[in-house]
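Peer 1: Sequence:
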Amino acid sequence: MFKRTIVAVTILMATLCFMVKADAAKPDNWLIYWYVCGTDIETTRIAFGAGTDLMSNDPKALILAEPDREPGDATRCIKEVERATLSPNVKIFMQAGGTYIWGHEKLRNLNAKIDTGLGEGNVIGKENAYYKQWLLREDVVTVKDKKGKDVKVRLYSPEAKGKLGRYVYDKDHRNWHAREILPISGAKNTETDMGSKAGFKDFLQAGQELERSLYPDGNVRRILILKDHGSGIRICSDEYTKNIIPVNAIKEAFAEVQGNWTNPDEKPFEVVVFDACLMSTYETAVALEDAANYMVASQETTMGKVGLDYTGLLNELSKNPAMSGKELGKVICDTRWEDSKTVDKDFGYNTVSIFTESVIDLSAQKMEALKTAYANFNEQATKVVQENPNDIATFVKLKNAANVAERYPSSSDVSEQWLVDLKNFSGNLEATFPELKEASRDLVKALNNSVVYNKRGGILNRGGGLSAQFPGFYRTLQNNMQRISVDLSGLKDEIVEVDPEKKTAKIELSEEDLANVESVRYQLIYIIPRNDGSGKMDAMSLGSDSDVEENRETGTVTISFDSQKWVMLDGKPLLVLVTSDATQKGKNGKKVRGNDICVSPILLNGEAQRLFFSRSYPNGKVTLIGAVPIPENDKTPLASLPSDELKSLKKGDVVTPLYVYYNDEYKKAEYVHGIPITIGDKPKLEMNTLPDGIFGYGFEFVNPVGSQNTFAREGVICKIKDGKIVKAISSDDFESPGDLED
Numbered sequence: 000m001f002k003r004t005i006v007a008v009t010i011l012m013a014t015l016c017f018m019v020k021a022d023a024a025k026p027d028n029w030l031i032y033w034y035v036c037g038t039d040i041e042t043t044r045i046a047f048g049a050g051t052d053l054m055s056n057d058p059k060a061l062i063l064a065e066p067d068r069e070p071g072d073a074t075r076c077i078k079e080v081e082r083a084t085l086s087p088n089v090k091i092f093m094q095a096g097g098t099y100i101w102g103h104e105k106l107r108n109l110n111a112k113i114d115t116g117l118g119e120g121n122v123i124g125k126e127n128a129y130y131k132q133w134l135l136r137e138d139v140v141t142v143k144d145k146k147g148k149d150v151k152v153r154l155y156s157p158e159a160k161g162k163l164g165r166y167v168y169d170k171d172h173r174n175w176h177a178r179e180i181l182p183i184s185g186a187k188n189t190e191t192d193m194g195s196k197a198g199f200k201d202f203l204q205a206g207q208e209l210e211r212s213l214y215p216d217g218n219v220r221r222i223l224i225l226k227d228h229g230s231g232i233r234i235c236s237d238e239y240t241k242n243i244i245p246v247n248a249i250k251e252a253f254a255e256v257q258g259n260w261t262n263p264d265e266k267p268f269e270v271v272v273f274d275a276c277l278m279s280t281y282e283t284a285v286a287l288e289d290a291a292n293y294m295v296a297s298q299e300t301t302m303g304k305v306g307l308d309y310t311g312l313l314n315e316l317s318k319n320p321a322m323s324g325k326e327l328g329k330v331i332c333d334t335r336w337e338d339s340k341t342v343d344k345d346f347g348y349n350t351v352s353i354f355t356e357s358v359i360d361l362s363a364q365k366m367e368a369l370k371t372a373y374a375n376f377n378e379q380a381t382k383v384v385q386e387n388p389n390d391i392a393t394f395v396k397l398k399n400a401a402n403v404a405e406r407y408p409s410s411s412d413v414s415e416q417w418l419v420d421l422k423n424f425s426g427n428l429e430a431t432f433p434e435l436k437e438a439s440r441d442l443v444k445a446l447n448n449s450v451v452y453n454k455r456g457g458i459l460n461r462g463g464g465l466s467a468q469f470p471g472f473y474r475t476l477q478n479n480m481q482r483i484s485v486d487l488s489g490l491k492d493e494i495v496e497v498d499p500e501k502k503t504a505k506i507e508l509s510e511e512d513l514a515n516v517e518s519v520r521y522q523l524i525y526i527i528p529r530n531d532g533s534g535k536m537d538a539m540s541l542g543s544d545s546d547v548e549e550n551r552e553t554g555t556v557t558i559s560f561d562s563q564k565w566v567m568l569d570g571k572p573l574l575v576l577v578t579s580d581a582t583q584k585g586k587n588g589k590k591v592r593g594n595d596i597c598v599s600p601i602l603l604n605g606e607a608q609r610l611f612f613s614r615s616y617p618n619g620k621v622t623l624i625g626a627v628p629i630p631e632n633d634k635t636p637l638a639s640l641p642s643d644e645l646k647s648l649k650k651g652d653v654v655t656p657l658y659v660y661y662n663d664e665y666k667k668a669e670y671v672h673g674i675p676i677t678i679g680d681k682p683k684l685e686m687n688t689l690p691d692g693i694f695g696y697g698f699e700f701v702n703p704v705g706s707q708n709t710f711a712r713e714g715v716i717c718k719i720k721d722g723k724i725v726k727a728i729s730s731d732d733f734e735s736p737g738d739l740e741d
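Under numbering that gives the first Met the number 0, residues 0 to 741 are what the sequence shown spells out, in order.
Hints listed in this document are in silico derivations from the structure and should not be mistaken for laboratory results.
Where a beta carbon is used, it is the ideal one built from N, C-alpha and C, also for glycine.
Watch out, some of these pointers could steer you wrong.
Per label pair, the in silico range of CB-to-CB distance [as the list claims (entries may be wrong)]: (1) Arg-178 x Asn-375: 36 to 42 Å; (2) Gly-737 x Pro-433: 50 to 56 Å; (3) Lys-649 x Lys-564: 22 to 28 Å.
The list that follows gives simulated cross-link-like pairs (lysine-lysine, DSS-like), each with its CA atoms no further than 25 Å apart [what the hints assert, rightly or not]: (4) Lys-105 x Lys-162; (5) Lys-340 x Lys-564; (6) Lys-444 x Lys-564; (7) Lys-318 x Lys-564; (8) Lys-444 x Lys-329; (9) Lys-681 x Lys-649; (10) Lys-501 x Lys-535.
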């Protein structure tokens, strides 16, 4: 017996020794495949400089600024690589293309040629009042941007073509050694089209050729990083061809080159990383399951200067090249988080608050469980729709389940184009439809197993780390809804009960009416008596809030007007528009936890901007995110969170609030300017007491067939003095300011 024990122990020790040797033999050499599609993240920054808005409406001309302007986003990332301290066993293979002009000095030979043949006197911006006086009479001219600042620009022709470059960078070649320079044809679906499967496949094949010269024995591990715009199921928009690669095309490209790797029986990449917006999706994970062990991506947009921290990532990898793919994924998330905090501090941003970065385990067992759970969940949810094809209440419940989940990019409405957090969404459906309980819990379990690291900021703090396009049953739902119309106009006749003591206004709806309402908000209106003796009044909207009590069992909707507070910037009220209501509500419909993401239209130093901020519940804390320019042809007040161009509010900036102003007959609405605010040492954005005056609180009912179709019902009129309500009456009883006098 003792001898058998010794033999067993000896065998066990030999096995352990073999395992240690096998693990020790795991290659510590790394080759990073870096697919850098410069597109407008490079050209726009170079062409127009951060914070300017030069543009050309002349199809014959493309304005690009001098290369000494602020570096483009791709150039910034390349500079970050150069600041890293690489170990000898970390090499980078970069492909740079997809853009007209590069700011990095090593890549300027790739730039499109200057066109000098357009002739003298070409007017740039014929349809644009800002630029119609600019005449290009030479290659380089000095023009003024909207702020009156001189900017040097060159004239390029959109027909001009640059080059695509492939480079190697390592400890010995720190100057981006060029392996191959290819002329860009501009034709779609060619080897130089970085927005196509053909272009991506050719990049992989070029990397395989490089590998065979560097690591003929296959002693290498690989990382793939894709740098550019992302949309959840597409990435890399080529500026020449306007193509963008679907993730399914990436999957096909991997399959077509699989046999050419030095280790073709294994997944080629340890980690695939997306330095792009919105790519942490179920669809992307499925597309990559045969190509990588792990995926790292963000659910939300990645703004401006806060993409991957290439310096931090490469330094950590060089220090510990033996790290696992999971450890590497965590390093990528953590270094980006720390870099985002530094950028926020340096530039006055607050991007950490909407930070998302996830590590997804793509192992066969976990992916099979995830795909099975997702398919079953989708099937069961679609069945709910099919069994209730004409039931508006079912549609409302399904849509609200998505509305209160985290959505990316944060938007004012849900559609099949937007991305929804799968964990939030399935959990919300479970609470609403008991028949989906098992399918929902199976999906959440599979998600929790697949998402092995989930780094999140303070505002978007409920997401599970993986999104999906609004599941397939949405299209079935929409097809059914096209046959249904919802008329909310009858709600105007409902009686509003005002309780001055409790400071509440209540309206009771029938079960059918409330079932036909997607959601209820309250509006805040500032009422302004005219000084012309006419007795007429005008009104100015301060926006809306969805923090109302909504009892769908009794049909009762109640708004409270007891706080007398609103979102204010340095003491001045703002027009508040909710773009994303991702809050959890209690049984009475009141918000108990979560964050609204809101936007306020403003002028920042005379330029039209959207000011983004969040409003937290239950504490009411307001967190500034930043401001984003409004394009000249964009008349929509709402917008999703931006991917770049985020601006901070700095000392000396002048912010002019914009409000929606109505005349006495409520037949005309227009934006008007408020009192300009000069920002001091730090902008103060908070809930603050309303000024003295007359204010109205009204009900806003959202039509589920289209959230832009709302119906408003007046509620209560209040007189506020010294931060207190001195009198409140039903709007039905209000005729003139004298009705509010004691």
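Peer 1: Next step is simple, just say for each hint if it's right about the structure.
Peer 2: Now for the hints, and whether the structure bears them out:
1. Arg-178 x Asn-375: 36 to 42 Å: 48 Å, violated
2. Gly-737 x Pro-433: 50 to 56 Å: Holds, since Gly-737 and Pro-433 (Cβ atoms, about 55 Å apart) stay within the stated range.
3. Lys-649 x Lys-564: 22 to 28 Å: For Lys-564 against Lys-649, whose Cβ atoms are near 27 Å apart, the range 22 to 28 Å holds.
4. Lys-105 x Lys-162: Roughly 13 Å separates the two Cα atoms, so the pair holds.
5. Lys-340 x Lys-564: Between Lys-340 and Lys-564 the Cα gap is close to 31 Å, so the pair fails against 25 Å, i.e. violated.
6. Lys-444 x Lys-564: 42 Å, violated
7. Lys-318 x Lys-564: It is violated: about 53 Å lies between the C-alpha atoms, which goes past 25 Å.
8. Lys-444 x Lys-329: Judged against 25 Å, a Cα distance of about 21 Å means the pair holds.
9. Lys-681 x Lys-649: Holds. Lys-681 to Lys-649 sits at ~7 Å (cutoff 25 Å).
10. Lys-501 x Lys-535: Cα-Cα ~30 Å, so violated.
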